[in-house]
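Using the hints provided, position chain R relative to the given structure of chain W.
Protein chains: 2
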Amino acid sequence: MATVNPPRGMRDILPADKARRERLLAVIRERYLAHGFDEIETPVVEEYDRLHAGIGGDNEKLSYNILRRGLDAEAIRAGADDPAALSDLGLRYDLTVPLARFYASNRGQLPAVFRAIQIGPVWRAERPQKGRYRQFVQCDIDIMGDDSARAEAELIVASLDALAALGLEGASVRINDRRVLDWMLDAFGFAADERPGVLITIDKLDKIGPDGIVAELRERGATASAVEAFDAYLRRPQTMEYNPYGEAQIRNALPENAPDEIVAHLVGIGEAVAAGAGSDAEIPLVFDPFLVRGMGYYTGTIFELAHPSVSYSLGGGGRYDGMIGRFLGQQIPAVGFSLGFERLADLLEPQSDAGAQAIVLVHDADVPLAELIAHKTALMEHGRVRLERRVKNFKGLLDRSAADGYTAFATVSAGAAVGALEIKPLA
Amino acid sequence: MATVNPPRGMRDILPADKARRERLLAVIRERYLAHGFDEIETPVVEEYDRLHAGIGGDNEKLSYNILRRGLDAEAIRAGADDPAALSDLGLRYDLTVPLARFYASNRGQLPAVFRAIQIGPVWRAERPQKGRYRQFVQCDIDIMGDDSARAEAELIVASLDALAALGLEGASVRINDRRVLDWMLDAFGFAADERPGVLITIDKLDKIGPDGIVAELRERGATASAVEAFDAYLRRPQTMEYNPYGEAQIRNALPENAPDEIVAHLVGIGEAVAAGAGSDAEIPLVFDPFLVRGMGYYTGTIFELAHPSVSYSLGGGGRYDGMIGRFLGQQIPAVGFSLGFERLADLLEPQSDAGAQAIVLVHDADVPLAELIAHKTALMEHGRVRLERRVKNFKGLLDRSAADGYTAFATVSAGAAVGALEIKPLA
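Note that the protein sequences, when read in sequence, are chains W and R. The first sequence begins at 3 in this note's numbering and counts up one residue at a time. The second sequence begins at 3 in this note's numbering and counts up one residue at a time.
Just chain W, same shape as in the assembly (with noise of 0.2 Å):
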């Protein structure tokens, strides 16, 4: 018999757990509808072929799939060779395929700019390990059909907002442009058909730094010349001075001649930026010239949510004008912020819901159970509450109702009159 631990690298929610995440939950997702998104939902599996035509990168690895009912043993034999055959769906391993398909299927009933909110669960079979879990929850928010900067903006504004709506005010975002790096890897002199491969190790600077970096270009034996113009440009002293943002700061982090309509345009979205902060603080935004972000989707505006509490990105996202043109023959423009659900409900302390009390009513065993109901009734006019039979070890059940979330109590025995119980805080 199977054991009754969830399946490996899942896990179980409990309630005080739960209560916290759907709290978020309602957090951002009222911050969302107030920036004019609108939530949407699709079915966890999509069909097999979908997860797989390329567009998931390694994530379409790590994918659970659904064998199709009513395969005999002599059918499962014949596919056995081709996974096609036996699987006809798949749990779907991010909500941006999904989104794709959503748009391309129901195009003609959503609006011509349409502003997603996605919120749910996705699945990678990964390899289980401390705070990481094959089943975990992705929020969402996309904006398709607008090609202007005035989408980038929603969607950092409205991230930003649901974040300190969250309590972590002080977030910035980190951002670059898919186009900065093809020009400065062209500059550098990197031919058209290494730059993919040059992304992959300049997306490890954070881990390995400018001298593994370097390194690891003369491994793949990238031209010698761009790796020699990349280093010197690296170790410039200016480099890593980011901050404030605006366009002296990109200019001064990019090599000289940067193309002027790149750099307005990401000008232009730290002003939105600013504007959408409602104050005269400092643009949370720092320009990161070597962020890439690993999806081979991305087209333009690429950004990352940095907090200074931790250390890691709590989410991201960026501009993926070609994706929905696979499905649709049609090509849409579309970007998107994704925040990182998981690693937000780890960061944030425990909270109960301000101001609601939490009722534990303690009966007699022999209270008439219409007598007790009644009770119950008349209680829940003051907050939540829950019935507990009285014990020996009364003060162990109020310390147990506490630690639970209760904040007040009441006792009863037959016959008390109904309204009329005393309601005592929890110590």
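Incorrect hints may have been included.
Put simply, identical chains are the same to the list, so a pair is met inside one copy or across any two.
Said to hold, decoys possible - In silico lysine to any residue, SDA-like type, Cα no more than 25 Å apart, as pairs:
hint: 1; residue 1: K206; residue 2: V294
hint: 2; residue 1: K209; residue 2: Y235
hint: 3; residue 1: K206; residue 2: K397
hint: 4; residue 1: K20; residue 2: L168
hint: 5; residue 1: K206; residue 2: G59
hint: 6; residue 1: K132; residue 2: A106
hint: 7; residue 1: K132; residue 2: R25
hint: 8; residue 1: K394; residue 2: P335
hint: 9; residue 1: K20; residue 2: F138
hint: 10; residue 1: K426; residue 2: N395
hint: 11; residue 1: K132; residue 2: E24
hint: 12; residue 1: K209; residue 2: A231
hint: 13; residue 1: K132; residue 2: R71
hint: 14; residue 1: K20; residue 2: V6
hint: 15; residue 1: K132; residue 2: L316
hint: 16; residue 1: K397; residue 2: S150
hint: 17; residue 1: K397; residue 2: V115
hint: 18; residue 1: K63; residue 2: A80
hint: 19; residue 1: K20; residue 2: Y314
hint: 20; residue 1: K20; residue 2: E344
hint: 21; residue 1: K206; residue 2: L316
hint: 22; residue 1: K394; residue 2: Q333
hint: 23; residue 1: K209; residue 2: G133
hint: 24; residue 1: K20; residue 2: R31
hint: 25; residue 1: K206; residue 2: D84
No lab work stands behind these hints: they were computed from the structure. Remember, predicted model here, so these are calculated numbers, not experimental data.
Showing chain R alone in chain W's frame:
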């Protein structure tokens, strides 16, 4: 390439429908929490062996099985005759099997009497038909560890309260007890080993009527004298006089000498539910001695939720004291009530958030992005805000916005003062 439609038998949920569903779920969740239930969550997948342990009845055959990761063609051929060799996991087909597993796994961290809320999707590969989907949401509440009628009373009161909060006043609960059915079938003279089959037939009473029942029992070859006794009983004139709920009516609906203990149990639940309703209104219960409920695991009270506006059930449940013992090796009493969320969602009229304003901000194309975002942020003081670039068909844009649930609009040109836009109602 795959189509852009959702997988067969599943659906996308578009913004208006998603918003409505989330509002309904928030109401249900809020009411259940108020009644002292706590929400939990389990992974959507469970181990294959657990999903196929005989508890799920016919649903086991409808389950989606997940292919083990890392099987090569040889392993697939070797396992072709053994489903468990190919599949280690499956999508859950209900929330009851996962709850029993959860309770067995986490019991040490749960209160002695544990009141669970579970809200989430389940999957069944049924033949697709109108209004039935292969992925659908269930809303369950269950009480573990309470063998008294207090549990049934709390479940029924909470469920009726949730329904009333959703705007469905006037719902009622059909109630019976598996022990009533056992005793009746024994009294008629059915042998113990034929009773499960007889119950399956009786469960069709609503569909095929008394004549159909008797005919089917004869076809089954059930004990002839017992079928005669049952037939005579079904034709008693007073059989269908179910109201008002109370001892006289329960005894009247049953053959003579019904066991006092079970009658008192059902009467007590009625009194408690009346107390929970908090008024002198009629008790919202209907005793139905032929209510069966399909699942094999029920051991005591069973119930179904009815509303005058529809002929089908809106939910139901019952006591299943034997199930957790199968996982835990120790008997734990349990009783549950499941709301048919999809049916509720179909039944309830679309309603927008009362009083919540939603504003479309129509802007000229040349409004600088930072100005535009500043206007949006200022307008968000008054409600949610969607940006729309001005188009030639201005009226069409407003109509479309109204259809999307927006209630007001404003227009803005370059250079307008922030915070000074006029908000006009959308006709």
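Status of each hint after checking the structure:
no.	hint	result
1	K206 / V294	within (9 Å within a copy, 63 Å between copies)
2	K209 / Y235	within (19 Å within a copy, 81 Å between copies)
3	K206 / K397	neither (55 Å within a copy, 52 Å between copies)
4	K20 / L168	both (16 Å within a copy, 23 Å between copies)
5	K206 / G59	within (17 Å within a copy, 52 Å between copies)
6	K132 / A106	between (37 Å within a copy, 23 Å between copies)
7	K132 / R25	within (24 Å within a copy, 35 Å between copies)
8	K394 / P335	between (67 Å within a copy, 22 Å between copies)
9	K20 / F138	both (13 Å within a copy, 21 Å between copies)
10	K426 / N395	within (18 Å within a copy, 63 Å between copies)
11	K132 / E24	within (22 Å within a copy, 32 Å between copies)
12	K209 / A231	within (21 Å within a copy, 82 Å between copies)
13	K132 / R71	between (35 Å within a copy, 21 Å between copies)
14	K20 / V6	within (20 Å within a copy, 34 Å between copies)
15	K132 / L316	within (17 Å within a copy, 42 Å between copies)
16	K397 / S150	between (63 Å within a copy, 24 Å between copies)
17	K397 / V115	between (59 Å within a copy, 17 Å between copies)
18	K63 / A80	both (23 Å within a copy, 23 Å between copies)
19	K20 / Y314	within (24 Å within a copy, 32 Å between copies)
20	K20 / E344	both (12 Å within a copy, 23 Å between copies)
21	K206 / L316	within (18 Å within a copy, 55 Å between copies)
22	K394 / Q333	between (71 Å within a copy, 23 Å between copies)
23	K209 / G133	within (20 Å within a copy, 52 Å between copies)
24	K20 / R31	both (16 Å within a copy, 12 Å between copies)
25	K206 / D84	neither (35 Å within a copy, 45 Å between copies)
Checked against the numbered hints given earlier, the structure breaks hints 3 and 25 and satisfies all the rest.
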